[in-house]
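Enquirer: Given chain A, put chain B in place with the hints provided.
Chains as they are written, first to last, in our numbering: chain A, 1 to 310; chain B, 311 to 593.
Some clues are possibly wrong.
[Stated by the list, open to error] Stretches of chain B that chain A covers, calculated by requiring three or more beta carbons in the stretch to come under 8 Å of a beta carbon on chain A: (1) 330-338; (2) 520-526.
[Said to hold, decoys possible] Under the rule of at most 30 Å between Cα atoms (straight-line distance), these lysine-lysine pairs were calculated in the DSSO-like manner: (3) A/Lys121 - B/Lys592; (4) A/Lys121 - B/Lys323; (5) A/Lys57 - A/Lys277; (6) B/Lys580 - B/Lys592; (7) B/Lys580 - A/Lys121.
It should be emphasised that the hints constitute simulated quantities derived from the structure, not laboratory data.
By construction, the Cβ of each residue, glycine as well, lies at the ideal position given by its N, Cα and C atoms.
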Amino acid sequence: MIVKSIDAPGRAHPSTRTGGRHFDRHILPYLMLIPALLILLAVIVGPSIYAIVISFKSWDLTNPLAGQPFIGLQNYRTLLSDQYFWSALEISGIFAVGATTIELLLGLGMAILLDELHFLKNIINAVILIPLMVTPVVVGLIWRYMFDPSNGLIYYFLSFIPGGSQFGGLTSTHTALFSTMIVDTWEMTPFIILVLLAGLSALPSDLYEAARIDGASRWQEFRYITLPLLLPILLLVTLIRFMDSFRTFDTVYILTGGGPGISTEMISLYDFDTAFKTFQLGYGMTLSVVTLLLLIVLSFVLMRLIRRRS
Amino acid sequence: MQATAKSFGPRKKLPGRVLRAVIIGVFLLWTLIPVALIVITSFKLPVDIFTRVPRLIFHPTLINYTNAFLQENFLAYFINSVIVATGTTVLSMLLGTCAAYSLARLRVPRARAIAFCILICRMVPSIALVLPIYGLMQTLHLLNTYAAVIIAHTTFSLPFVIWMMLGFFQDMMVELEEAALIDGCSRWGAFWRIVLPLATPGLAATTVLCVLFSWNEFLFSVVLTSVDTRTLPVTIFGFIGAVSVDWGGSSASATIVMIPMIVLGLLVQKYLTRGLTLGAVKG
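Same shape as in the complex, but just chain A (with noise of 0.2 Å):
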């Protein structure tokens, strides 16, 4: 007997199974997905319409007795007239196009190094993930220890060069941004070169050969082979860590806490300081909006990327 549809109703013990059915067609599916649901609509949903419905409103946490008058567009208008917040928009971009160019081509190079290995493979390509585990208040924690003026590893390694003890690190307004840079590839290259390799070994072995009969050079290999196959994986990554440097906040609100100056002042560190340092929540509503309506943006970029590939 061919069996065309496993869901045929009242097929084995007609009573009892059609029962059965009814609740694993129509109730079961349902009782398994809602739960999950509700949740995510009472933590996120939920908090993003508070937190729009705020936006409107002033909240001054340093004067409770003020209350939360409704003051309509005005934290909006404030937003677009402050420099801080201008200044925060272009420090996160430059931190993020700054660490992810860095990241992409340091992550490509060691990538492609990686996959031609042969010896001792599977305990180097796991030492490399490393960084990737340490909590990121850690990492922002061991790089102040690092970039230590009075006995920072760096400043030890600079006295080698001439003039090197003369580099600002995270103490100077312009070198400071370079130097969270500098911790964010520390931090997050190995995951670049991690989702690489899986590119690389996914690549199909007899174009190489082919080439090779053909007498193609490496970098024309590189080049005409490797690059284009890899290109829609490159994207994806430089997407993930685009976004996901826009809105870093650990690693930097521990190595440098927005300073010196507001030189390191980013979009996320500023939204967190107006709500935690000057007690605007309002207005720190507002700036998580706006924060959130961009990142949106972004993400829909991304998504396009990833549904099409999935």
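Expert: The following block gives chain B in isolation, referenced to the frame of chain A:
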């Protein structure tokens, strides 16, 4: 196999191979030195820490560790972190696995659209949620409770579990489940007795990554906890004073915080690619 085929023939000459080894070696040092430095420092006395030239030979001491546990109440914060990570992971795994199975197999209308919305949820940055959640918790008088942090961590953990498990369920063969259903098993029975045991590697990897994300999380924890509920990353942050940092004490704490996560992370190394790219790259 593919790797050997790709490096087919004696392509690489000796200088090239040496150069490659040197570059990889330098990269390994760059990766390992900062981590090793903090571990080594945690065994040093202040006299060995505050030196212009880094000291590699010194008398190791456990004083930083005993201080952390005896003076800094470190054990209490460790337990807090365990409670929060466990609570978050259990909640997300229970609800998330069921929801993912429902979306993958149970013919829910608009399953694709729902899955897409869940992906959007995963993209919402913590920095945009931390203020409203703080405001809500204050209104609900839940500030400084474990519940507040666990709920906050669910914002990234639950969408992560759903999206990961959805991928694992979609990759599984349908035939075994169908056989069980034909043999008179209920849907729930098939899920419980056939699907879950087959999905054990995926479940384990997702669980470990959930623990890792929650353990490492700082932003929600620093805002929503106080002395009684403080988690480890917040404790580490507390070491960074306005003027100076207690490097010995902080490096001992940092070592205790990061080592378990490095071990867990390496255990699920195989699934890391998938976990960190939301399933876009299978690895």
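Enquirer: Determine for every hint whether it applies to the structure shown.
Expert: Hint-by-hint comparison with the structure:
For the stretch 330-338 of chain B, the stated coverage by chain A holds: 5 residues have a C-beta nearer than 8 Å to a C-beta of that chain, and at least 3 were required. Using a Cβ-Cβ cut-off of 8 Å, 3 residues of the stretch 520-526 of chain B lie near chain A, which meets the minimum of three, so the contact claim holds. Among the hinted pairs, A/Lys121 with B/Lys592 is consistent with the structure: their alpha-carbon atoms are about 20 Å apart, no more than 30 Å. The straight-line distance between the Cα atoms of A/Lys121 and B/Lys323 is roughly 20 Å, inside the 30 Å bound, and the hint therefore holds.
Distance check on the hinted pair: A/Lys57 and A/Lys277 sit about 19 Å apart at the alpha-carbon level, within 30 Å; holds. Of the pairs offered as hints, the one joining B/Lys580 and B/Lys592 holds, with about 10 Å between alpha carbons and a cut-off of 30 Å not exceeded. A hinted pair counts as satisfied when its Cα atoms are at most 30 Å apart, and B/Lys580 with A/Lys121 qualifies at roughly 14 Å.
Every hint from the earlier list agrees with this structure, and none is contradicted.
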